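There are 2 protein chains.
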Amino acid sequence: MKTITPTNILRVFRGAERYLSTTSSVFAAKRVLNIENMNPNVKTMEFAVRGPIVIRGGQLAKDLEKGAKKPFTSIVKANIGDAHDMGQKPITFIRQVVACTAYPELMKSSEIPEDVKEHAKLILHDCGGHSVGSYGPSPGIECIRKHCADYISQRDGIPANSDDIYITAGATEGIRNILKLFVNEKARKPVGVMIPIPQYPLYSATLDEFGLGQVRYYLDEDKNWALNTEELERAYHESKNKYDTKVICVINPGNPAGQVLTRQNIEEVIRFAHKHDLFIMADEVYQNNIYAKNSKFFSFRKVMKELGGEYAEQELASFYSVSKGYMGECGLRSGYTEILNMDPEVVAMFNKMISSKLCSSILGQAALDAAVYPPKQGGASYDLWFKEMTKILNSLKERAKLVQEAYGSLEGIECSEIQGALYAYPRLHLPHKAFAAAKSKGVQPDFFYAMEMLEATGICTVPGSGFGQKEGTQHFRTTILPQTDLMKEMLDRFKPFHSEFMKKYK
Amino acid sequence: MKTITPTNILRVFRGAERYLSTTSSVFAAKRVLNIENMNPNVKTMEFAVRGPIVIRGGQLAKDLEKGAKKPFTSIVKANIGDAHDMGQKPITFIRQVVACTAYPELMKSSEIPEDVKEHAKLILHDCGGHSVGSYGPSPGIECIRKHCADYISQRDGIPANSDDIYITAGATEGIRNILKLFVNEKARKPVGVMIPIPQYPLYSATLDEFGLGQVRYYLDEDKNWALNTEELERAYHESKNKYDTKVICVINPGNPAGQVLTRQNIEEVIRFAHKHDLFIMADEVYQNNIYAKNSKFFSFRKVMKELGGEYAEQELASFYSVSKGYMGECGLRSGYTEILNMDPEVVAMFNKMISSKLCSSILGQAALDAAVYPPKQGGASYDLWFKEMTKILNSLKERAKLVQEAYGSLEGIECSEIQGALYAYPRLHLPHKAFAAAKSKGVQPDFFYAMEMLEATGICTVPGSGFGQKEGTQHFRTTILPQTDLMKEMLDRFKPFHSEFMKKYK
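Going down the list, the sequences are from chains A and L. Using the UniProt record's numbering, the letters of the first sequence map in sequence onto residues 1 to 506. Using the UniProt record's numbering, the letters of the second sequence map in sequence onto residues 1 to 506.
Everything labelled a hint here was simulated from the structure, so no lab data went into it. Quick caveat: nothing in here was measured; it's all calculated off a predicted structure. The reader is advised that the hints may include incorrect statements.
Which copy is meant is left open, so a pair is good if it fits within one copy or across any two.
[As the list claims (entries may be wrong)] Keeping only pairs whose Cα atoms sit at most 30 Å apart, straight-line, the calculated DSSO-like set for lysine-lysine is:
id	residue 1	residue 2
1	Lys-146	Lys-117
2	Lys-108	Lys-503
3	Lys-275	Lys-43
4	Lys-242	Lys-180
5	Lys-108	Lys-121
6	Lys-293	Lys-506
7	Lys-242	Lys-69
8	Lys-89	Lys-117
9	Lys-242	Lys-186
10	Lys-62	Lys-146
11	Lys-495	Lys-66
12	Lys-69	Lys-121
13	Lys-302	Lys-189
14	Lys-186	Lys-69
15	Lys-223	Lys-293
16	Lys-189	Lys-43
17	Lys-146	Lys-69
18	Lys-470	Lys-293
19	Lys-275	Lys-30
20	Lys-433	Lys-69
21	Lys-275	Lys-439
22	Lys-43	Lys-180
23	Lys-146	Lys-302
24	Lys-62	Lys-121
25	Lys-387	Lys-495
26	Lys-441	Lys-293
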């Protein structure tokens, strides 16, 4: 009765359960905690990246393992930015540093390069009892915070301060920590948070969970998903009666759309935030993932400081993660938040709040250290590190082009330039009968398309409805992470599916 | 202006700031986010384990490093259950498993025992792309959940189901996840959660942060901190007008008081919870830390199932952590929650909620696996593992006795038997002038005592006021974690301080 089956889980997603037979949920005894009295915000929230299509993908993978016959032999998990899962090899330097801090006996081995050992020693020196098994300070290990600050200083050419750095279990925890500060059930009006549409659903899910308001501004697909000030003004003003808007979130490079904001665009956002007294949350986890020839990454911090004056004094939180970039170390759960210009009284409360969660994984922090403080030229690890890093970044660039060209060449699909990040977010022009078919199943048209794609090809993507999109438009997000061979195979599976789908529902 | 100094942080603790000169916090510009409009729950919450005494301890340690002259040459961090920081050595097997999963090249080495390699292979087999860098499933890696269930089955002699296991970043995250489900700002009355007094302040801090009500039941110090039903009834009934009480938390073995509940006591709690329809949260992270000859650990799960009938059907969440036991791997951040009898619709929502946080550290999960699925007899690692484990547990037992006897022999201190866990919670009978001195500084008497102790001896403890205590009583919590030599030194520093304090304020 109480078994948690995928079917059970599926039932929570609106509409989606019609794809699977539902189990009856007749209960003898009423539970203390039940669907009526539980946290209503948890009920409301949705997180499409791990939604019903992914769950169905997991089922199919298990069926295949058991020898079920399908039109495909494997599931391609193009739904989530998980590089290693799609065959990317870890960076040797990062893993050696982590292994040495975990098991310091390794430092006696001649197989481990000297610069790795020095690196590991530096970290262990700042660990209680020289062990990664000790709790660290809640904001992170001191030397690692310093290396994060050094990395930022070098990136921007403007000195950073390690006191502003907070190491977290991935950017996810950092984003949740900052949003948590704005929760105020006692406020006259709910606090509003501006988020881009399309957006990474962590934002919408966390806002729902925390009872904060979503103030949605639309990115301009016709201008390669650029951000425009009139649209920001529209969103801000239209929500004024409903919300007391205090925050603007920007994802740059963009997830899911892969755009890279121009410096001009960033300046506009900063001026807009200044005008309306908004706290800026800059999700910059893809800062190392830039592919387009004419694109360059500018941090909000750099642009703000260079604008100077009051602009330089604005409240900003910026997020970084070892899960993205060339590292792809999602499973190690580490990242940092840099907090600038926050009221010191709030900072004190923030420190108190994070202290009750003790600290983030020290081994994750070691990986973060290896990412922001990589081998120096001339060091024993440098050549291999450089080779591995450039190989990954070049291959991502190649795959970004491959995906864009492949989708761009198909009838009924438009694909913007993938300037950065790890995703394509192609637009679908679906035939009329597909809308009707989706409606009859009670799902969104692009959900219908993505589920049909999965069932026909084994390719797992996320429908645009999970990220948000202009009404009447249809999209899906796919990562560019399958390794080149698998990517080619994926596209070979995709093309016939797409043309058959278009034909079938014409 | 915006530097985060310890002084700044200290200001957030009521009364405590008088110990240090405060910085003026005059601000030119009003911030978007400020102390008036920020999350009021974050303002309210306190977390004494990392409170002002610990922060002052950190300052003193830095002063010592810089060559400052003090009546002591080191800080003894007896404030937090952090074994490795106090000199405990990691278990070789755990660290080898973690290192091999992080850097699989190691598995080619003849220095790594075969059973470690098999273990690491098993884990990597269940990782996406066979890499710990991939996101895991949100509830945890499949084989590790299975090993947790096997551990529980063996512990209780009653089969467990891996579907009920959720791996988390330490027990802290698990406890927060469960409490989160009960938050309901829209409910007629706030939801109340019964917590023991004294308690581990994660509970009070999280309840405050989440806006849940603290329903405090007092443990009976005269009966070695036993739990009694009349007191549970009193607490429940007295809070009835204020709260809709839905949860009872029990910490067994106890933190901070070190008691181990009898089976009889556990049965009483289960019957009480059944009578009043309460969800049981059993914090059992110290289940491997039992020292008293007449004490034995019984899990709530086992007692509930053995009581049978409707008792066996009660909703229960139990917590386990690699931070405690003989492992002491706090920094690796891993633990599990076993959830029993939860409404499947709520389970589905729970799965959705945790999915937005993606997964807990995979390397932490590997450590958890090595803890719940240790080497088998006959395996290459078994002898060393067994030797290391028993050495640690025997030494903890010895230190529990040492601490209890030392405190018990002093005038003005009473110390209950340390039956389990990692702490002593001695009661102070302070002289009258000490109360006056504390009052003049605006702090609690035991805060005053603990701060004086720190300044005189370098021993960092947590005053009873941080855990809660019967009005008019005074305590402090110290861990039994300093290694035996350091522990003896600590007691040698403590005794003269205490007798001088008693003399001075007589």
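Hints versus structure:
1. Proximity of Lys-146 and Lys-117 under a CA criterion of 30 Å is satisfied intra-copy only: 19 Å inside one chain copy versus 35 Å between copies.
2. In this assembly of identical chains, the alpha carbons of Lys-108 and Lys-503 never lie at most 30 Å apart, being 65 Å within a copy and 54 Å across copies at closest.
3. For the identical chains of this complex, Lys-275 and Lys-43 are inter-copy neighbours only, at 28 Å across copies versus 35 Å inside a copy, given an alpha-carbon limit of 30 Å.
4. In the homo-oligomer, the alpha carbons of Lys-242 and Lys-180 lie at most 30 Å apart both inside one protomer (20 Å) and across protomers (26 Å), since each shortest distance falls under that limit.
5. Taking the shortest alpha-carbon separations for Lys-108 and Lys-121, both the intra-copy value of 12 Å and the inter-copy value of 24 Å come in at or below 30 Å.
6. For the identical chains of this complex, Lys-293 and Lys-506 are neighbours neither inside a copy (38 Å) nor across copies (78 Å), given an alpha-carbon limit of 30 Å.
7. In this assembly of identical chains, the alpha carbons of Lys-242 and Lys-69 never lie at most 30 Å apart, being 52 Å within a copy and 60 Å across copies at closest.
8. Taking CA atoms no more than 30 Å apart as the test, Lys-89 paired with Lys-117 passes in both settings, with 22 Å inside one copy and 20 Å between copies.
9. Taking the closest pair of Cα atoms, Lys-242 and Lys-186 come within 30 Å of each other both inside a single copy (15 Å) and across two copies (18 Å).
10. Taking the shortest Cα distances, Lys-62 and Lys-146 sit within 30 Å of each other only across copies (17 Å), while inside one copy they are farther apart (45 Å).
11. For the identical chains of this complex, Lys-495 and Lys-66 are intra-copy neighbours only, at 27 Å inside a copy versus 68 Å across copies, given an alpha-carbon limit of 30 Å.
12. Proximity of Lys-69 to Lys-121 under the C-alpha cut-off of 30 Å is restricted to the inter-copy arrangement: shortest distance 29 Å between copies versus 52 Å within a copy.
13. Neither within a single protomer nor between protomers do Lys-302 and Lys-189 lie at most 30 Å apart by alpha-carbon distance, with minima of 33 Å and 48 Å respectively.
14. Taking identical chains as interchangeable, the C-alpha atoms of Lys-186 and Lys-69 are never at most 30 Å apart, the minima being 56 Å within one chain and 49 Å between chains.
15. Proximity of Lys-223 and Lys-293 under a CA criterion of 30 Å is satisfied intra-copy only: 17 Å inside one chain copy versus 74 Å between copies.
16. For a Cα distance limit of 30 Å, the shortest separation of Lys-189 from Lys-43 qualifies both inside one copy, at 22 Å, and across copies, at 19 Å.
17. For the homomeric pair Lys-146 and Lys-69, the shortest alpha-carbon distance between copies (28 Å) is at most 30 Å, but the shortest distance inside one copy (54 Å) is not.
18. Proximity of Lys-470 and Lys-293 under a CA criterion of 30 Å is satisfied intra-copy only: 28 Å inside one chain copy versus 69 Å between copies.
19. In this assembly of identical chains, Lys-275 and Lys-30 lie within 30 Å of each other by CA distance solely across copies; the values are 14 Å between and 52 Å within a copy.
20. Only within a single protomer do Lys-433 and Lys-69 lie at most 30 Å apart by alpha-carbon distance; the minimum there is 29 Å, versus 83 Å between protomers.
21. With identical chains, the CA atoms of Lys-275 and Lys-439 are never at most 30 Å apart, being 43 Å at best within one copy and 48 Å at best between copies.
22. For the identical chains of this complex, Lys-43 and Lys-180 are neighbours both inside a copy (18 Å) and across copies (12 Å), given an alpha-carbon limit of 30 Å.
23. For the homomeric pair Lys-146 and Lys-302, the shortest alpha-carbon distance inside one copy (18 Å) is at most 30 Å, but the shortest distance between copies (48 Å) is not.
24. For the identical chains of this complex, Lys-62 and Lys-121 are inter-copy neighbours only, at 20 Å across copies versus 43 Å inside a copy, given an alpha-carbon limit of 30 Å.
25. Taking the shortest alpha-carbon separations for Lys-387 and Lys-495, neither the intra-copy value of 34 Å nor the inter-copy value of 61 Å comes in at or below 30 Å.
26. Proximity of Lys-441 and Lys-293 under a CA criterion of 30 Å is satisfied in neither setting, with 43 Å inside one chain copy and 64 Å between copies.
When held up to the earlier numbered hints, the structure conflicts with 2, 6, 7, 13, 14, 21, 25, 26 and fits the remainder.
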